[in-house]
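One letter stands for each residue in the lines below.
There are 2 protein chains.
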Amino acid sequence: MAQMLADRRDVDFILHGQLKVEQLSAHKAFGDFNKKTIDLIVSEARALSLKELLPAHGIGDRVGVRYQDNNVFVPPEFHGIYEKLSNGQWIAPSDDARWGGQELPLVVTQAAYNYLFAANYPACAYATLTHGAGKLVEVFGTDKQKNLYLKKMYSGQWSGTMLLTEPEAGSDVGALTTMAEKNEDGTYSLTGNKIFITAGEHDMTENIIHPVLARIKGAPEGARGISLFLVPKYHVNADGSLGERNDIFCIGVEKKMGIHGSATCSMTLGTSGQCIGTLLGEENKGMAAMFVMMNEARLGVGMQGFGCASASYLNALNYARLRIQGRSIVADPKETNGVSIIQHPDVRQMLMTMKVYTEGMRSLLYYTAFLEDLAKISDAPEEKERLHDMIDILIPIAKGYVTDRSFDVCNLGIQVFGGYGYTCEFPQEQLLRDCRITQIYEGTNGIQAMDLLGRKLSMKNGKLFKELMSEIKREIGAAASIVSLQALSAELATAIDMLDEVTGFLFKNAVADASKGAAYAHATLYMEALGDVIMAWMLLWRARAASQALDAGAIKQDILFYEGQIQGVRFFIKRFLPVITGKLFAIKNLDSAPVMMNDKSFGV
Amino acid sequence: MAQMLADRRDVDFILHGQLKVEQLSAHKAFGDFNKKTIDLIVSEARALSLKELLPAHGIGDRVGVRYQDNNVFVPPEFHGIYEKLSNGQWIAPSDDARWGGQELPLVVTQAAYNYLFAANYPACAYATLTHGAGKLVEVFGTDKQKNLYLKKMYSGQWSGTMLLTEPEAGSDVGALTTMAEKNEDGTYSLTGNKIFITAGEHDMTENIIHPVLARIKGAPEGARGISLFLVPKYHVNADGSLGERNDIFCIGVEKKMGIHGSATCSMTLGTSGQCIGTLLGEENKGMAAMFVMMNEARLGVGMQGFGCASASYLNALNYARLRIQGRSIVADPKETNGVSIIQHPDVRQMLMTMKVYTEGMRSLLYYTAFLEDLAKISDAPEEKERLHDMIDILIPIAKGYVTDRSFDVCNLGIQVFGGYGYTCEFPQEQLLRDCRITQIYEGTNGIQAMDLLGRKLSMKNGKLFKELMSEIKREIGAAASIVSLQALSAELATAIDMLDEVTGFLFKNAVADASKGAAYAHATLYMEALGDVIMAWMLLWRARAASQALDAGAIKQDILFYEGQIQGVRFFIKRFLPVITGKLFAIKNLDSAPVMMNDKSFGV
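Protein sequences, first through last, are from chains L and H.
Heads up: the first sequence at position 440 corresponds to 440 in the working numbering, and the numbers run straight through without jumps.
Heads up: the second sequence at position 76 corresponds to 76 in the working numbering, and the numbers run straight through without jumps.
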């Protein structure tokens, strides 16, 4: 299975054929990253994934984490992985070199993380949480906080977490009750309980740095009264050495459907009244700080879910080529020899569905990261703003839609294996179980849909959506000039017009008191429809790039790959576009039954 | 959670309001089963499910089965369950009283099994496999075989299995290689290996009776050369006492995604050349015998998957009512109190989706069983044939479509719980894992879709489909006479016309050599569309029955239930019918990309 985890040709095609990321190297910020260097980095991530991370994927699931007396023990193999990720400088690959980052373009980091997550994202969680916590310190920390913590976090010497959720404050963060009281020395004493804390405790690093959301005594209720604190497991002396144990402890780990190797901890703060932290950023600005991190975090979760899909597809493809079962329905009835199941039309349509979603989602995730890179190097404020707008509207799709579809891909990935797919002998069922949480954490996909409808569509009077539409239309225009894509482009253009109309209709209803409830009951369906259209856009873009490569005279071994791109968009348009249109019609119906119905009519 | 597992009011509504099953009691075969008796039986199943089966659901998952030296040990609690199912005569509730059956209408057995499966279908598998094996003995056994085995199987004293799958013969049963050689005394010596054998070995009964598919030496290749044999774990003496141990052994159990309490065994036959069995039925007619059992077996699997959905929906509904989180988006913005999450439109649309599928599928499964009852008591050969035709065309939907949608319902059932749904603290994630196998075993859902397109549509020159259409149209006509359902009926009528046209189109392409592959690549999509239409039919029927009950003056506590039926069909028609139409358009596109594409274009 030479191409397991992620199809390298597809990864390279997106980087160089679709996005042409080498253009970044024209700017001094990315001057070092020519095509050769980028390819080397991807190769390194791929090798690390195959050699170190993948072999521990099933082990992490079977062994899981063990909790004992406030300690959490991860599978032994995870120690080596964390060390490799640290030493390979994979914790902060795109961050500031001053603090140990590598300043890679984010799009290259995405490609690298495609491999790492496809191999074993539960094992990577310890590193990615560390990065997220470090980023908070980088953006909101004082010089002192940065000097004390940041390099040791970005290098992996100390790990990080994010203490947000409480038993009664999940989607509604504003309901949290963890309290902070200011001490005379300017530090804060925290008391409270947090749950679902990934990597909250483990035995891989000498210290763990916890950003904690809490409410300062006397602060307003709700989200407006939340502040962010930095609470280390061990206090850190001025010289950087470890001090006393802080009063923050893990009191248990969750038993879960999947990601068994990722410790999901219940944490208690200040049971002895001695949990001391420092303010990170400003008082009562904790939620705002969270929002700054949200795009990165949600894009990361999208990639986690997608990593599972990426691996599941290639496993299924490989299995379908090797597994002999049944005769071909199109062969001579007298033929008695079995064929590999990839010959069966029903298996092929499953694989084709997996292929188009996998490729479309990969393009979208890389593209969203690429937009960040473009924004970073852009000197034109308007263009910078446009790029950030694009990112903002794409994020709920990159998280919500992508993890939903990744789950579907993983599910087909089981089905292609038949009964074997249900056994633990193959990775398919674990990939589905691991994938499932990505639809929930970092804002459930329902929250993503509401973010799209309630925030993103309304920002700047609908400018974000308009910018997205004109990007898609630009691609439709470009693809229409290619004979083999003309008719397909026209079909997509029709759908786009309808999407445009339905978006206006739904938004109008979402801001009117009388229809608000019914509109929000269609938020998820809308996210699905918009996501589908974005898939069509990505696939059309890919097919155009492939057509152009074919016209330019592709080498023999690439021709079938490029042809697969043209078949892919055709399949998507012919098979899924009518269904998307159906979803748009359903939104236009704006049925209010779910919101109007009496609660008791659901069942008594 | 008084209504957990299955909403009793809905169960009663289908039995008495929709299907009016009491009409069966007019016939002497079911003379004992008036409304009161039926309700008592359902109550008994419900009580047994809540008291005995449900408490062992999580235990079965955590403890699983243990294999050691050819023995399999099930969780201790399963012993009590098997005993209760045996003593309560739940193994053969609808079978011939001569052999220990209870001769209940099958529709009542369905209602009972709705509860049993919703509580713990993996624990029930030992009983249901026993019934299936017993049925083979009843239908194909000689008097001697029946006298030796049958009563002890239907009473649960001995259990049963079905040895069909082999490592290289899964969906393609005809490829099996287990051999049988006739001995001088008329018995057969079997040699071979079987896998994925549910209940193949366990420690709950003194004997296990294995029907085995094998090929008699010299028999034709493929499906035409397969015979069925009866192979007991312990030989049975003429007086019914146990004799020698037979040479059939379990050599391992699968580790699986779910149904951990259900033993999935690898079996080896004749390693010492001493596996002796008797022919069951005629030589080379083993596949035909399987087909006789298939409708019952597939309907049973549909109910297994549905049982998970049935429980998951009520758990989610209950959780959504109790869980306080977030403010209402339609409330005064100054309101700071949290609301139960059932107040959130996105949660409501999830619950509504779960509700309509759960209710529609429950109706379909009960109805399909009811058709069997009607056929049993019908004296008119034409009507009998029509009823069997209806069953034949509904079976792929009742198995394939129902388990697919049940999985979707279980998936929403996790999402409603948010992060908690991913933990093992709640049953939601286990229900999804348990449900997942039902899409695979007893013929994968791809096989169901091909059975629908390739066999059921072509049988009797399309008579089955025509009969189904006229049943649906009859309901549309009836519902159209009710004011509140008029417009909805008309919308469904339009979709039906399109379904009719697309069915003809797809079938025509499926029998033409040039388009066969492309047509079969749409078999699954077609099954989905037909299943959706059948859901709409069931929901319309239910809404009509509810409207009539309301008009007749329903008692207060029923009014909200009935109103929920009318809202339900409206929701389904407004929200899902446009998508169904989209799927039909997609079928009309009959894109051939998946079948035409070069294998290598899937990825290299």
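Read the hints as simulated data drawn from the structure, not as lab findings.
Please note: incorrect hints may appear among the correct ones.
No copy labels: a pair is met if it fits in one copy or bridges any two.
Stated by the list, open to error - Calculated lysine-lysine pairs in the PhoX-like style (CA-CA distance at most 25 Å, straight line):
1. Lys35 - Lys376
2. Lys36 - Lys473
3. Lys508 - Lys574
4. Lys508 - Lys334
No experiment lies behind these values; they were computed from the predicted model shown.
We went through each hint and held it up to the structure:
1. Lys35 - Lys376: Result: close within a single copy only, 19 Å intra versus 73 Å inter.
2. Lys36 - Lys473: Neither, since 33 Å and 65 Å both go past 25 Å.
3. Lys508 - Lys574: between (31 Å within a copy, 19 Å between copies)
4. Lys508 - Lys334: Result: close only across copies, 23 Å inter versus 62 Å intra.
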